Amino acid sequence: MVGLSGGTLLKALINDGLIVPASHRLEEIDAAQPSARFTSRRSCQSYRSRMMKSMCCGGIFEAWMADGSVIGVAGTVAAIREPKPWGIPRKGYSILQTYIISKFPYFSLAIMFNCHAMGGTERKSSEQVLSVINIGLIQNLKSSFGTMINLCIEMAKSDFYAAHPNYKTRLGLRTKEVEDVLDVDLAVRELLDHEQVHGILGPAEELFIAVLGRKAHVPIISFTARSSALSNTENQYVVRTALDDEVQGRALAAICHGFEWKKVVVLYEDSKYGHQFLSHLKKAFQDVDIRLAHLIAIPVSANNSHLRKELKILKENQMIKVFLVHMSASLGSRLFVLAKKEGMMCKEHAWIMTDSLSNFLNTMDLATRDSMEGVVGIKPYVPFSKDLENFQERWKINSTILKINNTVPIMDLNVYGLWAYDTVTALAIAVEKIGPVNPSSLYEKTTTKTNLRISSFGPRLQRELSSTRFRGLSGDFQLVDGKLKPSAFEIFNVIGNGERRLGFWTPHRGIIREISSSGEAKYSTSIKELKKIVWPGDSVTRPKGWAIPPTGPLKVGVPGKSGYTEFVKVEIDHKTNQVHATGFAIDIFLAALKVLPFPINYTFICYNNTVNTSWTYDDMLGEIPAKNFDMVVGDATILASRAQYVDFSLPYSESGVVQLVNNTKAFNMSIFTKPLSWDLWLAILVSCILMGIVIWILERRVTNPDPDGRPGMIYLAPVTVLAFQDRNVVSNKWSFFLLVCWLFMAFILMQSFTANLSAILTVDQLIAFSVQDLYIGGYSSPEEFNDAMREGSKNGGIDCIIDEIPYVKLLLNRYDSRYKIFGKTYRTEGLGFAFPVGSPLAAYFSRAILNVTQGPEMTSIEQKNFGPGYSSQDPLSSTLSQGTSSLSFHDFAGLFIIVGSATVFAVICSETPFLSILSNITRQFFHEENANDASPGAATDEEQEPRQDRDYEEIVEVALINDDLRCCS
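Numbering (the working numbering), first residue to last: 165 to 1133.
Quick caveat, the hints were computed from the structure, so don't treat them as lab data.
Everything numeric in this text was worked out from a predicted model, so none of it was measured.
Among the hints, a few may not be true.
[Said to hold, decoys possible] In the DSSO-like style, the derived pairs of lysine-lysine whose C-alpha atoms are separated by at most 30 Å in a straight line are:
(1) LYS686 x LYS733
(2) LYS695 x LYS505
(3) LYS504 x LYS473
(4) LYS473 x LYS436
(5) LYS426 x LYS686
(6) LYS511 x LYS686
(7) LYS758 x LYS426
(8) LYS436 x LYS426
(9) LYS550 x LYS479
(10) LYS340 x LYS649
(11) LYS505 x LYS479
(12) LYS719 x LYS758
(13) LYS733 x LYS719
(14) LYS340 x LYS597
(15) LYS696 x LYS511
(16) LYS719 x LYS958
(17) LYS447 x LYS426
(18) LYS791 x LYS708
(19) LYS436 x LYS479
(20) LYS479 x LYS791
(21) LYS696 x LYS505
(22) LYS560 x LYS649
(23) LYS958 x LYS984
(24) LYS446 x LYS511
(25) LYS479 x LYS758
(26) LYS708 x LYS473
(27) LYS696 x LYS426
(28) LYS695 x LYS550
(29) LYS649 x LYS379
(30) LYS695 x LYS511
(31) LYS426 x LYS479
(32) LYS504 x LYS426
(33) LYS504 x LYS476
(34) LYS447 x LYS692
[Stated by the list, open to error] Cβ-Cβ distance ranges computed for the label pairs, FRET-style:
(35) ALA711 x GLU735: 24 to 34 Å
(36) ARG1011 x PRO789: 31 to 41 Å
(37) PRO671 x VAL601: 35 to 45 Å
(38) LYS332 x PRO671: 31 to 41 Å
Here a beta-carbon is modelled for each residue, glycine too, at the ideal position from N, C-alpha and C.
Could you put the whole structure together from the sequences, leaning on the hints where they help?
Written out as structure tokens, the structure is:
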């Protein structure tokens, strides 16, 4: 081929297949370099060298001959075929074929020939037997991504064995080209059946592939699979050498939590990979209490019109302005371009992209990257190393060569290529650990059902691969539970056509500014660790995460009602249809607006402007999901049933339901008997009688009775011992023991009586109403409640009010001590404002309400609407001071009557002979009984003298009684 320039000739040789870039290394040879060993030259002085440098797109290549000599032609380019393409040149490699293209200054002449080293014999090395382990490789070589991955794999294999020439094992890659999922399944089956592979490099997302690997005991190794439907225990033969999406989900959750975004809109690719990522994202966000407000699934085949439609819906109807994008580069790039056209890449908007887009930013054009300005992204962090820098330089040179004749473009290097490189290196290390094997022992048997040969080498390869650790190009390589050990993510900001690093996220320390920063290993989600961020719209202010839709002012619904206007009172100007609202709830709303960190333009809209009495708050709150109201301000009670379709703010009033009764007491003369039941009273009475009898029996045996006649009162010992502390009431020690036991029981009874009587006198009582007498109805004002309570149930009114504390306290504040709160307070959530489900306004208004209700302005708002003296600091403070009544004579009338009657009876008996007669009869009875008990013999003088004295006293007493009777007659 004469008459062609050097560049044209080189391209012609490549096109004709004489020089194959995939299997040759192009080098420039300078005759001025006589050295047997060559080093890379960084400069080029000659015209031919500059032409060759330009022709080879910036690469200057050198050749090593087998004997170390150099072809002595200046400006010569050699295409050398080697067993290890892409490898680092090493002395001693045999050259199979050399094409020399010699260019002369005056005419172009191409001479193509085969040659050996000049002036010497070929160096021969002793041959060694290598053990080759077949590994399947499944790639789509018709895609730019597959071409990039394939180049990294070839370079990894070549680099590894160039650095370890003495290793006795080699990886034999058996490549299968695929285009779709069906091709992948067929390729795996063919590799297992015909290629006798013991491991497969390729996609592991499909369940069918994982099942085949498990049955054949062949590891399925994937450097692109980010998640799996199977756990490691379910299928241990699936190995993923890429970072798991669960780790990425945790990183995204930490970032959103640091920015205090409570709700996020997720736009994800509607594919298997997108759904698996979404499952991890949901769990991670749930752990930090962040809600995925909306999930927008974008089909893989979506066109621009479909994307534009989804974006318009988000723009017009969505208050959440934080968007997380997870989709392929081709789909995501079009999404951002359209989002900018729709005006969604402006202030108060936050966009976050996952590494599904971040890893491919270098493949996007300038227009796409310009539309993504202000986006925050994350991607796996790749630490810098000399090996990585050297690899990147050689990869650029080799990829440039491939672009010359390859019809399929090659993608720029990204982290997937580094993971592929490290995966092949890990496989080579694992195979070498196992060592040379006998080919006949690589298989155990063949399954009868699937006709698959079971590999005996696969389980060993899987175990060695799981234990392999080294420092790779992408960082530390270590497998944990069949997947790559979690590592750091880089957080960056898209600015112009470049990226600005903001910080990092690590699994153990959270968000940090520098990966090498020292300090306490404490997990952090603080965004203060990040550098300054430029948000969409060139804003440096952190977006709050939501915004009011640009459809006009906030539509605030207020109820039109005739009762309890102290809370809400609505007046409508029929000429202008302008709504004017006042009341306690309105004042709280207006005060909360002043506390909010942002202004809100609002307008009141009246519900039930006809003042219909049959309306309910359930009907009114139903207008919020119907998008007629953006929020409702009024005295709406927070209920669980209503929280199903609206969100409530924190209550702005006291919470609880109480019972209100009339502050009167019925006349009851026997209230002192209420603490003890009739059977207990009877038991006490019988116990006193029995105790007296027993003590009398014990005391009558005393040999020296009291001369004062005290044994006659021994029956009253159980009672007198409570009033008199005289220890000599009884003489028998067993009687004394019995009285001690009686006192113990009596004191317990007295204390119980006192406590129960105190409770009866101080705790309010309410007469229980039967179900037949219960009337459930409503009154619309405190005046109507008061009239109904005064009439009572017998006259068509009511006897009890069951209502919420704010309404009850309003009634008490107006009618003072007519009523009182009875019983306990039943828990409710109080009164609050209502919002659409998921509205961020609920959280902001809740914080504002807390500031208002706990501030000094609250008292003036209450007294303005409810009157002086009203206070909500204590729900029952207003009732304790005005619902308490003093004890009256009527409460103890029965006790006074009994005591009075006993007094009159004692006076009558002491001033009349009735008691004396009764006493003489009693004594005579005891005298006769004592005489019968005496012995029949004569009594001693000592016994007769006291008896004579008693007889004398009885005679005198009888005489005195007779005188009294006469006087009376």
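So, going through the hints one by one against the coordinates:
no.	hint	in the structure
1	LYS686 x LYS733	violated (54 Å)
2	LYS695 x LYS505	holds (28 Å)
3	LYS504 x LYS473	holds (14 Å)
4	LYS473 x LYS436	holds (23 Å)
5	LYS426 x LYS686	holds (23 Å)
6	LYS511 x LYS686	violated (33 Å)
7	LYS758 x LYS426	holds (23 Å)
8	LYS436 x LYS426	holds (27 Å)
9	LYS550 x LYS479	violated (47 Å)
10	LYS340 x LYS649	holds (29 Å)
11	LYS505 x LYS479	holds (12 Å)
12	LYS719 x LYS758	holds (18 Å)
13	LYS733 x LYS719	holds (17 Å)
14	LYS340 x LYS597	holds (27 Å)
15	LYS696 x LYS511	holds (16 Å)
16	LYS719 x LYS958	violated (47 Å)
17	LYS447 x LYS426	holds (15 Å)
18	LYS791 x LYS708	holds (23 Å)
19	LYS436 x LYS479	holds (27 Å)
20	LYS479 x LYS791	holds (16 Å)
21	LYS696 x LYS505	holds (26 Å)
22	LYS560 x LYS649	holds (29 Å)
23	LYS958 x LYS984	holds (20 Å)
24	LYS446 x LYS511	holds (27 Å)
25	LYS479 x LYS758	holds (27 Å)
26	LYS708 x LYS473	holds (25 Å)
27	LYS696 x LYS426	holds (22 Å)
28	LYS695 x LYS550	holds (27 Å)
29	LYS649 x LYS379	holds (26 Å)
30	LYS695 x LYS511	holds (19 Å)
31	LYS426 x LYS479	holds (19 Å)
32	LYS504 x LYS426	holds (24 Å)
33	LYS504 x LYS476	holds (12 Å)
34	LYS447 x LYS692	holds (25 Å)
35	ALA711 x GLU735: 24 to 34 Å	holds (32 Å)
36	ARG1011 x PRO789: 31 to 41 Å	violated (24 Å)
37	PRO671 x VAL601: 35 to 45 Å	holds (38 Å)
38	LYS332 x PRO671: 31 to 41 Å	holds (38 Å)
Violated hints, listed in ascending order, are 1, 6, 9, 16 and 36; each of the other numbered hints is respected by the structure.
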